[in-house]
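Enquirer: So the chains spell out like this:
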Amino acid sequence: MKSVVEASEAVALAVKLARVKVCPMYPITPSTHIPERIADYIFDGEMDAEMIHVESEHSAASALIGSILSGARSFTATSSNGFALMYEILPILSGMRLPAVMAVANRTLAAPINIWNDHSDAVSARDQGWIQLYAESSQECVDTMIQCYKIAEDKKVSLPAMMCLDGFTLTHVFENVDVPEQAQVDKFLPAFTREDTLDVNNPKTFGPIGFPDSFMGFKKQQQDAMTAALDVIKKANSYYKKQIGRGYGDGLVELTDMGDAEYAILGMGTLCGTAKAKAEELRAKGKKVGVIRLRSFRPFPVKELQAAVKNLKGLAVLDRHISLGSNGPLFTEISAITPELKLFGYIAGLGGKDITLKHIESVFTDLEKGKQSREWLM
Amino acid sequence: MKDLKGINYEEYFASGHRACAGCGEALVLRHIMKAAGPKTIVAQATGCMEVVSTPYPQSAWRVPWVHGAFENAAAIASGIDAGLKAQGKREKVNLIAMGGDGASFDIGFGALSGALERGHKFTYIATDNEAYMNCLALDSLIMTKDGLKRIIDIGVGDMVYAFSQKNHKLVLKKCTGIFDNGKKRIFEINTDSQTIKATGNHPFLVLERNGRGKQSELVWKTVEELRAGDEVVVLKQGLEGKSHIFPKIQLSKKGDYKVNRIREVTIPKKSSKDLMKLLGLYVGDGWVRVEKAEIGFSVPKGNRARVPVKQLIRRVFSVDATRENENEVYLGSINAAKFVESLGFGKGAKNKVVPEWVFTLPIEEKKAFIEGLLLSDGYKIGNSYRYVSASKELLQTLRLLLQTMNVRVGKIHQQTKAKGTKVVYRALKKASTYGYICFSLKKGTNSKYRSQNKYRDFLYGNKNFEMKKIRSIERKRLEPTLDLRVEGEHNFIANGFVVHNTGVQRSGATFPYASTTTSPAGKKIPGKQEPKKPLPYIIASHGIKYVASMSPANLLDLKTKVQKALAIPHASFLHAYCVCPVGWHCKSDDTIELSKLAIQTRVFPLYEIENGVVKINQKVEKPKPVLEYLQLQGRFKHLGEEEVQKIQDYVDARYKFLLDMDGKKAFDVLF
Chain G
4 MKSVVEASEA VALAVKLARV KVCPMYPITP STHIPERIAD YIFDGEMDAE MIHVESEHSA
64 ASALIGSILS GARSFTATSS NGFALMYEIL PILSGMRLPA VMAVANRTLA APINIWNDHS
124 DAVSARDQGW IQLYAESSQE CVDTMIQCYK IAEDKKVSLP AMMCLDGFTL THVFENVDVP
184 EQAQVDKFLP AFTREDTLDV NNPKTFGPIG FPDSFMGFKK QQQDAMTAAL DVIKKANSYY
244 KKQIGRGYGD GLVELTDMGD AEYAILGMGT LCGTAKAKAE ELRAKGKKVG VIRLRSFRPF
304 PVKELQAAVK NLKGLAVLDR HISLGSNGPL FTEISAITPE LKLFGYIAGL GGKDITLKHI
364 ESVFTDLEKG KQSREWLM
Chain L
23 MKDLKGINYE EYFASGHRAC AGCGEALVLR HIMKAAGPKT IVAQATGCME VVSTPYPQSA
83 WRVPWVHGAF ENAAAIASGI DAGLKAQGKR EKVNLIAMGG DGASFDIGFG ALSGALERGH
143 KFTYIATDNE AYMNCLALDS LIMTKDGLKR IIDIGVGDMV YAFSQKNHKL VLKKCTGIFD
203 NGKKRIFEIN TDSQTIKATG NHPFLVLERN GRGKQSELVW KTVEELRAGD EVVVLKQGLE
263 GKSHIFPKIQ LSKKGDYKVN RIREVTIPKK SSKDLMKLLG LYVGDGWVRV EKAEIGFSVP
323 KGNRARVPVK QLIRRVFSVD ATRENENEVY LGSINAAKFV ESLGFGKGAK NKVVPEWVFT
383 LPIEEKKAFI EGLLLSDGYK IGNSYRYVSA SKELLQTLRL LLQTMNVRVG KIHQQTKAKG
443 TKVVYRALKK ASTYGYICFS LKKGTNSKYR SQNKYRDFLY GNKNFEMKKI RSIERKRLEP
503 TLDLRVEGEH NFIANGFVVH NTGVQRSGAT FPYASTTTSP AGKKIPGKQE PKKPLPYIIA
563 SHGIKYVASM SPANLLDLKT KVQKALAIPH ASFLHAYCVC PVGWHCKSDD TIELSKLAIQ
623 TRVFPLYEIE NGVVKINQKV EKPKPVLEYL QLQGRFKHLG EEEVQKIQDY VDARYKFLLD
683 MDGKKAFDVL F
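First to last, the sequence lines map onto chains G and L.
Be aware that the first sequence starts at 4, since it is given in this note's numbering, and climbs by one per residue.
Be aware that the second sequence starts at 23, since it is given in this note's numbering, and climbs by one per residue.
Please keep in mind that the hints were generated in silico from the structure rather than gathered at the bench.
Here a beta-carbon is modelled for each residue, glycine too, at the ideal position from N, C-alpha and C.
Among the clues, some could well be false.
If we take Cβ atoms under 10 Å as the criterion, some of the chain G residues that face chain L in the derived model are [stated by the list, open to error]:
hint, residue
1, P30
2, A42
3, Y44
4, A52
5, G69
6, L201
7, K207
8, I212
9, H362
10, E378
11, W379
Under the rule of at most 25 Å between Cα atoms (straight-line distance), these lysine-lysine pairs were calculated in the PhoX-like manner [to be verified]:
hint, chain 1, residue 1, chain 2, residue 2
12, L, K292, L, K323
13, G, K207, L, K111
14, L, K314, L, K332
15, G, K207, L, K114
16, G, K207, L, K61
17, L, K323, L, K291
18, L, K389, G, K207
19, G, K207, L, K444
20, L, K646, L, K555
21, L, K291, L, K360
22, G, K288, G, K237
23, L, K414, L, K451
24, L, K292, L, K332
25, L, K659, L, K641
26, L, K451, L, K586
Quick list of simulated restraints, FRET-style, between CB atoms [claimed, not checked]:
hint, chain 1, residue 1, chain 2, residue 2, range
27, L, S610, G, S326, 47 to 57 Å
28, G, K207, L, K27, 51 to 61 Å
29, G, D216, L, S563, 43 to 53 Å
30, G, D216, L, G685, 17 to 27 Å
31, L, P591, G, E39, 24 to 34 Å
32, L, E139, G, D199, 26 to 36 Å
33, L, P591, G, I116, 35 to 45 Å
34, L, K687, G, E39, 49 to 59 Å
35, G, D199, L, K609, 34 to 44 Å
36, L, G544, G, Q375, 57 to 67 Å
37, L, E210, G, D216, 11 to 21 Å
38, G, Q225, L, A250, 22 to 32 Å
39, G, Q226, L, A43, 35 to 45 Å
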C-alpha cells in the first residue's frame, strides 16, 4: 500500500508491523514524531502494545532490559542529548545480549545547543556493541526497521540494533512510501520467542558481576557476534528483497555508478542522495564518478569496502561528525583499511549545516585535481 | 514448609554468597525473599548485594533476578511490568525492585519517582545502610596486644606491637591516630617469608652498611627508595604469650528445650597444649554440628591421627569418644560442640581460619597447635613441612602465625588437582583447587662465629626481630590505603595483605555527623553535616497506597510488611534498615543489637503509611539515650558531648513529627 508519510511515521508504521509489544518512550526533537505516532496507534487501539511514559531516556533504555527479559519485543527512539543520557545503558544492553531496537533521529550534541542534524550522537557510541544501520530515505526506514528486528534477534547475533535516520532532513520530510502488508511482514519476521526470560518456573540470573577471569571472554563473544552479524545483515537484505521486493545494495554497502568509476564519494545517510544527484549530473558530462553509501557502520564491512574501492583513483570521505582532536571517524577507519588509496577526508553538515550540490561538486573537483582545497565544507 | 510463626523454611536468597560477616543487608534480603516466596522476580541495582550474590558463573538467587546499572532498578521493573502485561502474564507474579540508599535516595531517585507516578505494580525496597558501600574488603592484618586485627578494626587507644629503635626489642605502644590516605599506588614487597603491600612513601626500616669494620645502622627508607637485596627488619617471633582464658559460654543443661539427657564433660577454662593439638587436628579433619550435638573427626582406621585424636579427646574433655566407625571418630556432647564452635576456627573445610586469640598464646601451645595441624593435613618433605588446605584464609592466617614462631615460611601456593588424585590420604571426589604452604624450623647458628653471624644478620641474637633480604618489589595498582600513628615509636607491624579497603562514601541517607570517606571526621568539620533525606515521606507524597519501614530486629513485622506491600495492585515502597559492620565500624556480631537499639532509641522507628494513614507499629514510650546507639559504632567515635546532644535533639524532633501524624491521614492517596 502506497501512502505519503514522513519518515517518523514510516518508522512508527514499521514498529506496528513488527508487532512490538513494549515501547518505553521519552520525547526529544527531532525523534518526537515517532512516539507521537506510536501513541496514536496504541491509544486508538490499532496497536496491541504497552507504552511506558518513562521520565528520562536513561529509564527508557533501562526499561528495555526489563521488557525484553520478560519476553516482549521492544522499541524506543531518541536523539542527541537524550541519546547521551542513555549512553550508560547502551553497553549494558549489548553486554547482556538483548535484541533491543532503537530509532535514532540523528541530531548533534550540545553545546551550543542545536536541534539539527549531524551524526555525532550515534557515531560517538560506535564502540558500545550496537549494530548501527543508516537509512537514506523514508522507504528505507520502513524496510530497515523491520530488518533490524530480524538481524538483532538472530541467534548468531543477539545484539541490540539502532537504525539511524537524519533528523529533520529525513524525520520531518514527507515522501511516497510503499508500506508492506502485515501478512508479508509476519512471514518475514516471525513472533519474538526467547529461551532466556524472567520466568518464575525456571529462575535465572541476568546481569551478574564478571570478574577479570571471565570479563574478556564476554567481550570476545560480543565481537564474534558482531562479525557474524555481517552475514546476517546481508541475508536479511536479500531475504527481504525476495519476500517484499526491495533491497539496498548487499545490505552493508550500497554502490551507485561504481562499475567503471575512477573517483567516488563515501558517506552515510541522506547526504548520499545529494552526492548521487551530483554524480548523475557529472556522469552525463562523461566523468567517471560514483557514490558509496555505507549502510552498516557497525559491524564495519571491511571486505566489502575494500572491494568497492579497488579500482578507484581517489576517494573522498564525508563525515557528518568530528572526533575533536583527531579526524572524522569514518575517514580514520577507511584510511586504516585502504593504505594504497588516495584519500581525502571532509567534515561536513555539522549541526544542520546544509550539504549542497556545490559542496559535492567541489569535492569531485578536488578528487580530479588530486589536491584537497579544504577540509571543512562550510 | 513454615515454622510456627509463619516464616518460610525455604531459602530463595541462598547461603554461600560473599557478604561480610554480620551484614544486615544480606539478612534483610534473605527474609524479604522468604516472605515474598518463589513466584517473585527481582530487579536489583548495582551495589554490595549484587556483587556478593552473583559473581559469574555463580548466583545466590533462586528466583529470576536481573541487574542492569546503578540507578535503574525501578526503570527495569517498569519494563518487566509492562512486558508481562503486554503478554498477558502479569497475574500471580510478584515484582520487587531493590536498591541501596545510593540507588534509592540519590542517583536512582528520578527513576524511582517516575515508576511510582506511572503506577506500575511493583514493590520498591530501599535497603538503607546509610552510605555508598562496596564491600570486597580484606585488610592489612596488624599485630596487636589482643592478637591479629584488621587495620580497619583498630581504634585509637588500642595497643599495637612496635619495634623499639633504642634497644631493638618488641614493645607494645598505643595507637594514637588512624588516617585514611585515599587511593595510592601500591607496591608489593616480598621477602622469603613475608609479603606486604604499602604505598610508595611508606617507610621501612633498612640496614645501611657502612663497610667492613665500621658500624652499620638502621635507617628508614621509603618503598620507592627500596631495592631488591636491601635488608629490612622483620618480625621473627612474637612476645611470649599467656594461655588464653576462654570467655564463658551458655551451656546446655538437662531440662532445656529438647534436651533430655546430657553427657557430662569437662569444658576447658583456658588453653593448654593438649587442647591446642586437638584443635590443630580439628582444623584439618574435624567438624562440629551443634544441632546434632557432636564433634566429628574424619580419621580412618589405620590413619596416624586416629589414636592421638582419641587420646586427646579423653585428656581434654575427660570422656572417651562416644562413637566410631571405619572412617570417623565422634564425641557426642552438646556442650563440647558449643565450646568448639565458640572458639572461632570456622566450620566447613573452605571457611577455616586461625582465630585472633591463637596469636597471643605461649610458644609451646602454638607449637602444639601446629603439631596437630601437621598430623591431619600435613606431611614432611626433607627438612621442611608442608600443610595443605582448601581455605585460603586459613593459610594466610597460618602463615602469619608461623611468622611469629621463628620458623622459615614460604609463599602460599595454589594447585588444582584432577578428580581421583590422592591428596594427603584421600582421593578427590571432584577436581578441586587447594593451597599449601611450606615451612621449616631454623637451624641454630654456631656461637663460635658470632662476629660473622652478626655481620650477616645485624640483629643476630635478637629474640623478636631479624633482617631479611628483599626478593622483589612489584608495582601494583591504585588502592585505598589506611595508616596508623603509633605513640613514641611511629611504627607498627603489618604482615598481611592490603587488598582493597572499603568504599564508604556519604549518601543522602547518611546519618548526621557520621564519618564517611567523603564526609570524614575532620578537624574543622566533624562528619556529615546534613540530615537524612526523608525519602519515605517523599515517596508517600506520590499518593501510593503503602509505605513502611522495617528492620531485621523484628522479622515478623518485616514479613507482614513485605506481604502487604506485594498485595497492593499498584506501586508500594519499603524502607529497610541495614547495619553495615564494615562501613559503620561496628562489631559484626552487633548487627541485631544495633537494629534493636535503633528502634529503642527512636533512631529508626517502625511505622507504616497505609492508604495515607500513619501508624507507628512499635511505639517507644521510654526511649534509650541515642548515645547507647552511637557508641557501638566507629563512625561516630569522633563526636563530643555537644554533637551527641545535637543528634539526640534531631532524633527527638523527627520522632515527634512522626508521633504527631500517628493515627491520622497525613498523605493523599491517588491510586
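Enquirer: Next step is simple, just say for each hint if it's right about the structure.
Expert: Hint-by-hint comparison with the structure:
Hint status for G/P30 relative to chain L: violated, with the closest Cβ pair at about 14 Å, above 10 Å. Interface restraint check: G/A42 against chain L, minimum CB-CB distance 14 Å, threshold 10 Å, status violated. Taken as an interface hint, G/Y44 does not check out: its beta carbon lies about 14 Å from the nearest beta carbon of chain L, beyond 10 Å. Among the interface hints, the one on G/A52 holds; its C-beta lies about 6 Å from the nearest C-beta in chain L, closer than the 10 Å criterion.
With its C-beta approaching chain L no nearer than about 3 Å, G/G69 sits inside the 10 Å limit, and its interface hint holds. The closest approach between the C-beta of G/L201 and any C-beta of chain L is roughly 4 Å, which is under the 10 Å cut-off, so the hint is satisfied. For G/K207, the suggested interface contact is upheld, since its CB lies about 6 Å from the closest CB of chain L, less than 10 Å. Annotation: G/I212 was flagged as interfacial toward chain L, and the flag holds, the nearest CB pair being 5 Å apart, inside 10 Å.
Hint status for G/H362 relative to chain L: violated, with the closest Cβ pair at about 42 Å, above 10 Å. Proximity of G/E378 to chain L is violated relative to the hint, the smallest CB-CB distance being about 39 Å (cut-off 10 Å). At a threshold of 10 Å, the smallest CB-CB gap from G/W379 to chain L is about 38 Å, leaving the interface hint violated. At most 25 Å may separate the alpha-carbon atoms for a hinted pair to count; L/K292 and L/K323 exceed this at roughly 31 Å.
Note on G/K207 and L/K111: the hinted pairing holds, with a Cα-Cα distance of about 17 Å set against a maximum of 25 Å. With a C-alpha separation of about 20 Å, the suggested pairing of L/K314 with L/K332 holds against the 25 Å cut-off. Distance restraint check for G/K207 and L/K114: the Cα-Cα separation of roughly 18 Å lies within the 25 Å cut-off, and the hinted pair is therefore satisfied. For a cut-off of 25 Å, the pair hint linking G/K207 to L/K61 stands: about 13 Å separates their Cα positions.
Distance restraint check for L/K323 and L/K291: the Cα-Cα separation of roughly 31 Å exceeds the 25 Å cut-off, and the hinted pair is therefore not satisfied. A distance of roughly 49 Å separates the Cα atoms of L/K389 and G/K207; the hinted pair therefore is violated under the 25 Å criterion. The hinted pair formed by G/K207 and L/K444 fails the criterion: a straight-line CA distance of about 36 Å is larger than 25 Å. For the hint linking L/K646 to L/K555, the alpha-carbon distance of about 24 Å falls within 25 Å, and the restraint holds.
A distance of roughly 14 Å separates the Cα atoms of L/K291 and L/K360; the hinted pair therefore holds under the 25 Å criterion. Simply put, G/K288 and G/K237 have alpha-carbon atoms about 34 Å apart, too far for the 25 Å limit, and the pair is violated. Between L/K414 and L/K451 the CA atoms are separated by roughly 20 Å; this keeps the pair inside 25 Å, and the hint holds. Proximity of L/K292 to L/K332 is assessed by CA-CA distance (about 20 Å); at most 25 Å being required, the pair is judged to hold.
Simply put, L/K659 and L/K641 have alpha-carbon atoms about 28 Å apart, too far for the 25 Å limit, and the pair is violated. A hinted pair counts as satisfied when its Cα atoms are at most 25 Å apart, and L/K451 with L/K586 does not qualify at roughly 47 Å. At roughly 50 Å, the beta carbons of L/S610 and G/S326 sit within the given window of 47 to 57 Å. Between G/K207 and L/K27 the beta carbons are some 32 Å apart, a value that contradicts the proposed interval 51 to 61 Å.
Between G/D216 and L/S563 the Cβ separation comes to about 46 Å, which falls inside the hinted range of 43 to 53 Å. Look at G/D216 against L/G685: about 56 Å separates their beta carbons, and that is not inside 17 to 27 Å. The hint said 24 to 34 Å for the Cβ distance between L/P591 and G/E39, and at roughly 30 Å that hint holds. A hinted range of 26 to 36 Å holds for the C-beta pair L/E139 and G/D199, which are about 31 Å apart.
Between L/P591 and G/I116 the C-beta distance comes to about 42 Å, which sits within the given range of 35 to 45 Å. The supplied range of 49 to 59 Å is broken by L/K687 and G/E39, whose beta-carbon atoms lie about 40 Å from each other. The given range of 34 to 44 Å is respected by G/D199 and L/K609, whose C-beta atoms sit roughly 42 Å from each other. A beta carbon spacing of about 59 Å between L/G544 and G/Q375 agrees with the range 57 to 67 Å that was offered as a hint.
For L/E210 and G/D216, the Cβ-Cβ distance of about 20 Å falls inside the hinted range of 11 to 21 Å, so the restraint holds. A beta carbon spacing of about 42 Å between G/Q225 and L/A250 contradicts the range 22 to 32 Å that was offered as a hint. Take G/Q226 and L/A43: their Cβ atoms lie about 40 Å apart, and the range 35 to 45 Å holds.
Checked against the numbered hints above, the structure breaks hints 1, 2, 3, 9, 10, 11, 12, 17, 18, 19, 22, 25, 26, 28, 30, 34 and 38 and satisfies the rest.
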